[in-house]
Amino acid sequence: MNAILNALRWFGQSEQWSGPDGIPQRLLEHLWYSGLAFAITLVIALPLGLALGHVRRGRAAAALGFAVVSSANGARALPTLGLLILAVLLAGSGVGPTLVPLVVLAVPPVLVNAYTGVRQVEPQIRDAAEGMGMTGSQVLWRVEIPVALPLVLLGMRTAAIQIVSTATIAAYVGLGGLGRYIIDGLKRQEYDSTAGGAILVIALAFLIQLIFTGLHRLSVSPGVRLSASH
Amino acid sequence: MITFEGVSKRFPDGTVALDDVSLECATGEITVFVGTSGGGKTTALRTVNRMVEPTSGRVLIDGADVRDRPPAELRRGIGYVIQQAGLFPHRTIADNIATVPYLLGEGKKRARARARELMERVGLDPALAGRYPAQLSGGQQQRVGVARALAADPPIMLMDEPFSAVDPVVRGELQAEFLRLQAELHKTIVFVTHDIDEAIKMGDRIAVFRTGGKLVQFDTPKNLLAAPADDFVADFIGYDRGIRRLSFVPAAELELDDRAVLPENASVAEARATGADWVLLTDSGRRPLGWVAVSGLATDRSLQHMPRAPLGHTFNVRADSARAALDAAVLSPSGLAVGVDDDGVVVGVASPLDLTNAIGRESAR
Chain C
1 MNAILNALRW
11 FGQSEQWSGP
21 DGIPQRLLEH
31 LWYSGLAFAI
41 TLVIALPLGL
51 ALGHVRRGRA
61 AAALGFAVVS
71 SANGARALPT
81 LGLLILAVLL
91 AGSGVGPTLV
101 PLVVLAVPPV
111 LVNAYTGVRQ
121 VEPQIRDAAE
131 GMGMTGSQVL
141 WRVEIPVALP
151 LVLLGMRTAA
161 IQIVSTATIA
171 AYVGLGGLGR
181 YIIDGLKRQE
191 YDSTAGGAIL
201 VIALAFLIQL
211 IFTGLHRLSV
221 SPGVRLSASH
Chain V
1 MITFEGVSKR
11 FPDGTVALDD
21 VSLECATGEI
31 TVFVGTSGGG
41 KTTALRTVNR
51 MVEPTSGRVL
61 IDGADVRDRP
71 PAELRRGIGY
81 VIQQAGLFPH
91 RTIADNIATV
101 PYLLGEGKKR
111 ARARARELME
121 RVGLDPALAG
131 RYPAQLSGGQ
141 QQRVGVARAL
151 AADPPIMLMD
161 EPFSAVDPVV
171 RGELQAEFLR
181 LQAELHKTIV
191 FVTHDIDEAI
201 KMGDRIAVFR
211 TGGKLVQFDT
221 PKNLLAAPAD
231 DFVADFIGYD
241 RGIRRLSFVP
251 AAELELDDRA
261 VLPENASVAE
271 ARATGADWVL
281 LTDSGRRPLG
291 WVAVSGLATD
301 RSLQHMPRAP
311 LGHTFNVRAD
321 SARAALDAAV
331 LSPSGLAVGV
341 DDDGVVVGVA
351 SPLDLTNAIG
361 RESAR
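If you're matching them up, the sequences are chains C and V in order.
So for the first sequence, the UniProt record's numbering puts the first residue at 1; every next one is plus one.
So for the second sequence, the UniProt record's numbering puts the first residue at 1; every next one is plus one.
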């Protein structure tokens with residue numbers, strides 16, 4: 001209880017709200033790393049997941065899909081901090097190496113959910129789409145993706161929240177972001193700063209959850225929500 | 001017209017789904033493919049819109065090989081209805097129906113107006129246009145499936161077990177309504193079912209497939225019932241095919257007897273004079289009232305006061321088939337079927353023997 005009160009007092013101090021170590025600046029840094037990592041994740045994982053889910057004919061496609069999804073799931077087990085230190089040792093510190101563990105962590109949920117979402121579209125829906133004369137890409141864009149959208153968004157949300165929470169470790173290798181408050185606070189034994197940083201990260205994660213809830217409402221067809229509840 | 005020329009389909013694992021099938025589906029008719037599962041009937045249907053490519057042989061539509069056109073373009077010109085409808089859950093009913101018009105580049109407004117029109121045509125309330133498939137019953141979904149296949153007004157429709165996912169009552173309604181629709185539209189239809197009753201009801205011609213993709217008989221429903229090509233077909237049709245054949249004998253061909261039909265104020269003596277075991281009493285308008293057993297009549301009074309057995313049901317001599325007449329005979333206390341005209345006036349009665357004779361005459365033709 002005391003820690004939280006101290007943290008609230010910490011938020012009240014005016015020096016937290018300006019300068020290079022102020023909350024606005026740190027928040028921007030945090031969002032910048034996270035956004036970059038998220039964008040890279042989507043560029044890698046979305047097309048791959050959707051395409052693998054769509055191409056289901058033939059043994060080669062099935063085997064490839066299985067291999068990619070299994071290795072993506074395996075990647076979830078990698079220790080983030082170890083990966084960060086390895087990347088920094090190999091490539092030196094800076095934004096680039098910091099992004100590696102974030103992306104490696106975020107690709108699996110996006111990839112696996114996109115793949116599973118598209119694959120799970122009922123065969124007769126796909127059959128009807130093809131039988132009425134949709135081309136392969138029309139089936140994907142007009143039927144499979146809209147129907148798979150709840151799962152695709154869920155994967156993206158999981159990835160975004162993980163990235164935002166994990167981006168705190170950027171501070172470990174000397175970069176900015178909200179992690180600075182946590183790590184510096186621990187080092188200097190200023191626990192109000194540590195708690196304040198933690199609260200900020202949690203709040204950001206909640207905000208992302210909220211954004212995705214809104215996105216779900218806006219983009220998922222009511223018909224899909226209805227058929228999911230049946 | 002759809003022509004199958006020696007069509008075979010062999011899958012890479014060696015299973016034969018179609019074995020040298022040749023037949024013609026006539027323009028404007030319903031051709032039913034029926035058979036056991038694994039008999040290749042669905043595979044045969046799917047070769048028409050290139051959802052399955054034959055290993056050998058050709059499928060022609062009005063003389064043109066289906067392979068001359070790209071699959072997507074070909075399919076947009078062929079209506080497609082499948083089991084459980086396969087509606088798109090994310091699209092409204094109107095947009096589901098408008099699928100093919102959208103693919104053909106038609107504007108939203110026109111396509112949706114047409115969708116509403118089609119909804120009425122297939123017996124759906126156009127107020128449902130903005131609903132989603134999950135909000136509709138199974139029967140309603142199937143109607144949407146039919147409307148969707150009709151949306152671009154294709155001359156050909158492929159229907160793969162379109163009514164098998166709904167309960168028997170709804171199925172009966174859908175079948176009857178579809179036949180009514182077809183009487184107006186005259187589409188060339190290939191209809192797949194595993195249900196021989198549905199095949200006989202829907203088909204102008206029936207192709208019976210057996211395991212291994214062999215076409216064993218291609219005939220009209222009447223001929224199929226009268227002369228099954230082999231034991232497989234006879235078994236498949238079932239042991240009651242003799243009774244089913246009665247469906248194709250109009251009740252009008254029965255010779256009805258009206259000697260045992262008496263007004264209710266007739267006397268017991270008159271009833272005895274008919275020589276019949278049962279007499280049918282009618283009211284002053286000659287509408288049937290009930291049966292009276294002659295043998296139990298002791299006193300010589302008016303028949304009006306004698307105990308009556310209920311009528312059971314009657315058959316319409318103009319509209320019904322001999323099958324309805326037989327059913328009426330079986331359920332009648334006298335064993336005789338009462339034939340009435342459109343106004344419910346008794347024309348005469350028929351015994352099961354009269355029915356047998358009618359079938360005999362039918363077969364002799």
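These are calculated hints, taken from the structure and not from any lab test.
Every value quoted in this text rests on a predicted model; they were computed, and no experiment measured them.
Heads up, the beta-carbon is just placed ideally off N, CA and C, and yes, glycines get one too.
Certain hints may be false.
Unchecked claim - What follows is a list of derived Cβ distance ranges for each label pair:
1. Arg-76/C / Thr-27/V: 57 to 65 Å
2. Gly-214/C / Pro-126/V: 55 to 63 Å
3. Arg-56/C / Gly-28/V: 50 to 58 Å
4. Pro-352/V / Glu-122/C: 48 to 56 Å
5. Gly-242/V / Trp-141/C: 37 to 45 Å
6. Trp-141/C / Asp-65/V: 29 to 37 Å
Verdict for Gly-214/C, Pro-126/V (Cβ pair) under range 55 to 63 Å
With a Cβ separation near 33 Å, Gly-214/C and Pro-126/V fall outside 55 to 63 Å, so the hint is violated.
For the range 57 to 65 Å, tell me whether the beta carbons of Arg-76/C and Thr-27/V fit it or not.
Hint holds: Cβ distance 59 Å, inside 57 to 65 Å.
Regarding Arg-56/C and Gly-28/V, is the given constraint of 50 to 58 Å on their beta-carbon distance met?
38 Å Cβ-Cβ, so the 50 to 58 Å window is violated.
CB of Pro-352/V to CB of Glu-122/C, is that within 48 to 56 Å?
Holds - the Cβ-Cβ distance for Pro-352/V and Glu-122/C, about 51 Å, lies within 48 to 56 Å.
Measuring from beta carbon to beta carbon, are Trp-141/C and Asp-65/V in 29 to 37 Å?
For Asp-65/V against Trp-141/C, whose Cβ atoms are near 30 Å apart, the range 29 to 37 Å holds.
For the pair Gly-242/V and Trp-141/C, does the Cβ-Cβ distance stay inside 37 to 45 Å?
This hint is violated: roughly 56 Å between Cβ atoms.
In terms of the numbered hints stated before, the structure departs from hints 2, 3, 5, listed from lowest to highest.
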